[in-house]
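Undergrad: Protein sequences appear in the order of chains E and H. Oh and the first sequence: position 203 is 203 in this note's numbering, straight run, nothing missing. If you want this note's numbering, it's the 1-based position in the second sequence plus 1000.
Just so you know, the hints here were simulated from the structure itself, not pulled from any lab data. Using N, Cα and C, we set each Cβ at its ideal position, and we do this for glycine too. Please note that the accuracy of each hint is not assured.
Claimed, not checked - DEER-style ranges, computed between Cβ atoms: (1) H:1043 to E:56: 57 to 63 Å; (2) H:1141 to E:186: 44 to 50 Å; (3) H:1119 to E:183: 57 to 63 Å.
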Amino acid sequence: MSTVFTFRIDGKDVAGSEGQTVMEVAEENGIDIPALCHLEGIHDRGACRLCMVEIAGSPKLAAACMTKITEGMDVTAHSELLLEYRRTVTEMMFVERNHVCAVCVANNHCELQDTAEELGLTHFDLPRISPKVDIDASHRLFAIDHNRCILCLRCVRVCDEIEGAHTWDIMHRGLETRVQTDMGIPWGESTTCTSCGKCVQVCPTGALFEKGRAVARGSKTRRPFLPWMKVVAEERGL
Amino acid sequence: MSKPRVATVWLDGCSGCHMSLIDMDERILDIFERADLVYSPLVDFKDYPEDVDVCLVEGAVSSEEDLHKIKMVRERTKTLVSFGDCAVTSNVPGMRNPIGVAPLLDRAYRENVTLNPQIPSEIVPKLLPASTPVHRVVKVDVFLPGCPPSADLIYTMLDDLLAGRVPDVAGSRFGR
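Whole structure, please, built from the sequences with the hints as guidance.
TA: The following block contains the structure:
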């Protein structure tokens, strides 16, 4: 039997099992911590930095999805300072590439758009970079518009951990970082892609989408399959 | 006491935000019982007057004319509202920014044209190197994102502004 830890999030007494993350226990207790890379069913990576929380006694912020719980820890998940940080993080995602909600396939089905609204982000103080970014529409069924990619890497993780294909990975560094298929070849020429569409379903924005979908028609209705697939994978020891 | 003076201007946008303004139906009567509309593409005043209390700006700043206009509007206006996504983020007009003006005009007026291909240089204002949000050029007091912002949001904001309250823009978001 695993050890039970009791601790506090935003002043509320909560309990969880050893090995759980702050994010998991927060979710179980109805405490909403914003996140864009975290998704139930795949391993956490701490990529988006939206779930940063304060832990009493620690001089630095910690990603709730990557921080294991300890006995007696005192977590602040919501404060004016954290809200300001989260707004800035969200803003940086918007200005880094070219997000145009109005004409996006994921308009109103987008977690980045939702996050901006939830955080009360009404405009960007940072200048937009407006980089020239590619679109790969070589796959028969799906396409990726790197303009809308926030590098949450859900696609990379779901392809590796659930589908077992590991078609997706990352290339380059810094602002030039891109998700890639196989060794950077066009998606349509990939020999590992099984065309399962899981990457499309987990993408929080309109970066990965089904071809033929009009503006605002890219809902990800089949996403709940993930926790089931994870259970199956674990049972089979995959 | 005279009524607050309200204006609206239309820069590089599709006029959808103005359509949404009209979409508040009979509530527009309530607004303009409490305020005077002194300049707008919806009415026929030719010049932007002095001493405007509230101005809603639709559209991004994309051309030399837009730039000239918004600076003049700012000087003559107390409360400037970035009205809709194009004004707030440059939105669709800003999609040309990664391309650059020269290749853009070439594509639109030369490459795809068979009859007398030429880039317009007279009468039409020159494009700026990039289409920018209004607050990159002048100070903006209120931001109301949305493509377009709903009539309800516009009404609530105008109602607040006319009553001297800090406008409530909760529920507004990019896109929609």
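Undergrad: For this structure, which hints from the list above don't hold up?
TA: Of the numbered hints given earlier, the structure breaks just one, which is hint 3.
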